[in-house]
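Novice: Take a look at the letters that make up each chain.
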Amino acid sequence: MSANIAPVQYQEHKALKVNVDANYKHVSNQHMIPLVASEFIQAATSFPIVFVKQRETGKFKAIALTGFDESENVVFTGDKVNANYIPLNVRRHPFSIGAVSANSEDMLLCIDLDSATVNQEQGVALFNEDETLTKEIESVGRMLTDLLAKDEATTIMVDFLVEHDLIQPADLTLRLADETKQLNGLYKVDEEALRSLEDDVALALYKKHYFPAIYAHLSSLNQIQRLLSLKAQQV
Amino acid sequence: MKSSVKDIVVVGGGTAGWLAACILAKKLNNAANELVRISLIESPDIPNIGVGEGTVPTMRETLQLIGVSEAEFIQQCDVTFKQSIKFVDWQHAPQGNKHSYYHHLFNHPHTPGVDLTPYWLSSKTAQHYADYVSYQHACCDAHLAPKKITQKEYQASLEYAYHLDAAKFSAFLAEHATKNLGVNYISATIDKVFVDDDGYIDKLSAKCGKVFQGDFFVDATGFAAKLIGETMKVGFVDKSHHLLCDTALAVQVPYQEQNTDIPPYTISTAKEAGWIWDIGLINRKGVGYVYSSNHTSDDQAENVLRGYVGEEIDNLSVRKIPMKVGYREKIWSKNCVAIGLSAGFVEPLEATALLIVEATAKLVADKLPIFGGSFEYASKSFNQAAIYGWERVIDFIKLHYYLSKRDDNSFWLDNRDHATVPDTLLERLEHWQYNVPKAADFFSHFEIFTLENYQYVLYGMNFNTQLDHAEQRFIYGNNVEKEQQKLAAYGQKLKRELVSHREYIEKVRQYGMSKI
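Residue numbers (this note's numbering), protein chains in the order written: chain A, 1 to 235; chain B, 1001 to 1516.
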């Protein structure tokens, strides 16, 4: 996937428009999409929500599973969307926010200039004539700031679950038409451990509002069956 | 005669003492029941030797057994990984800039039971033996970590042990033993040991006047051997006629640059009258010259070490450590067992010091007559196994010297002289001249070093097993090609997945490691 990310600036980007792609082609070769805890309930209607380890740090993060192979996506196929809910991390494209510098808390709205959605003819303009951002783009900016906070809250939740031994491997054996496939590296909440929580941990989970996310995640695991039939349809 | 054990007293708090205390506490379930009480008495006045920085893969099992977090161990003891010992210049003395080397890898064959040795021998290839049989060779040469950051504690793609800071490791174990394993810590200098009429240790008294009673005593007092030697008068079996090195000069060398690349193996470089160890930790190296004082002078030895380390050695403190090679006639006598340097010592060529501590402590835990029964039987069967282990370790160390072609000093000529080689080793080597080593040649698990260890050293040193008229040995047919393809493919996969050794260690120091 190409990426040419630059901070949005009037002089350079005044002519640019973003043409939202209803099929979200840009994720059609990703088999995992990052999720934040506050969208688990909606995401559970469309994807298996699982935890995986980040390749760089080994730390856990929450994702929506969208395929069974590295570059497979049976939900966002490129010309079709097989989901009721679109994760924030899909919707934000081609925008992101980044810190001004490594130690700074000041955030800049950035755009992926190589995205197929970015052009000069069609879609929503980035800037008004008075050099301010258009109201659509401003709302994207607010959404991204919000997403960043939600992402941090999700990290804190996942760390809490790991710390209290509530996460366990969820290795799956998939029976596909012509092969069985072992899916490793996925993790889920340990239901047994959830049933035998210490009182103080149970209370903490309740007060932090983690239970809705936990149960959304657990019920979403059944979506794996739906993913398999989507895959079968596409073969 | 004493029987049944309630109070176990470990005397001495170096790495050996604390490791033994942890293993005994865990295996005897000290923390969870009142069956036994384990105390460790450490003298505030006696410094630890604290040089042992190399381990072998059993340490991974041991740390798991005693229940420490691998990430915390790595973070707190300046740990790096060890996947091999790289032996440099052991075959021949260097000629100008030409050095010979081989790896004694920790990985066993990829497919158990498939032995590529006869194929390597008959191919007459210039490829290193270890490289021919294992992808770990290439990963070592590329300085890769043995595992990925997404793998959990103690899980890995390649076999490994650790390099560690001995003083920090000892403190780390002490904290774990007292906090999590219920070991009772006592700071006192033992001054007198009292024995009963049967010669069993009854109690100890300290300089401060305190008295400590116990049913079973672990002597971890180092070379002093206060209990097993001084008190019980158990003799020492000298082995300096087999292993000629008797002195070490050790130095800690800080890295000049912060991000210095760290080899994921110990480097052992043969020198005119011994060899130099080189162990890369996270912020410094541990380097030492082990030599024979009968074959060189201390001044000359210092020159050799200076030549290896460089001029910076002039600003560093070099410690001289005399070594007494051999072991006790009995490692366990009556109600006292020796663990660590009090039990015996061989040069650290194969990092056996902590290995023997681990093995001995586990064996003691298994044999201790907790519920009654006799110390006599327990110690007899223990000693049989332990002494057998010591003898085989000496055989294996000697093998490295005996196979050398070096003739640049009388040290090497003496080492290659049959008269200095244990018969048990000569017997095996004679057999292996015509037969490749088999698992069946190593019948006891107290061997410590077994088939794969011997293969890596024998054929790393280009030992010649003659395979004439031996077509029947090539039993795998086409499967060999398949096996080689499998090795190559897996090696490629590892090279894509694994990051550099330093990068991995830095990540563990920053992010920790997952327990699941």
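Worth double-checking, as some hints may not be accurate.
In silico contact screen, one side only, chain A against chain B (beta carbon under 10 Å); selected entries [what the hints assert, rightly or not]:
no.	residue
1	T57
2	F60
3	I137
4	E138
5	G141
6	V162
7	Q168
8	Y215
In silico DSS-like cross-links for lysine-lysine, where the CA-CA straight-line distance does not exceed 30 Å [to be verified]:
no.	chain 1	residue 1	chain 2	residue 2
9	A	K188	B	K1152
10	B	K1148	A	K150
11	B	K1438	A	K181
Just so you know, these hints were derived from the structure itself, not from any lab.
Cβ atoms here follow ideal geometry from the backbone N, Cα and C, with glycine treated the same way.
Novice: A separate judgement is required for each hint: does it hold in the structure or not?
Specialist: Structure-based check of all given hints:
| no. | hint | verdict |
| --- | --- | --- |
| 1 | T57 | holds (5 Å) |
| 2 | F60 | holds (7 Å) |
| 3 | I137 | violated (35 Å) |
| 4 | E138 | violated (36 Å) |
| 5 | G141 | violated (30 Å) |
| 6 | V162 | holds (7 Å) |
| 7 | Q168 | holds (6 Å) |
| 8 | Y215 | violated (21 Å) |
| 9 | K188(A) to K1152(B) | holds (15 Å) |
| 10 | K1148(B) to K150(A) | holds (28 Å) |
| 11 | K1438(B) to K181(A) | violated (37 Å) |
In this structure, the earlier hints numbered 3, 4, 5, 8 and 11 are contradicted, and the remaining ones agree with it.
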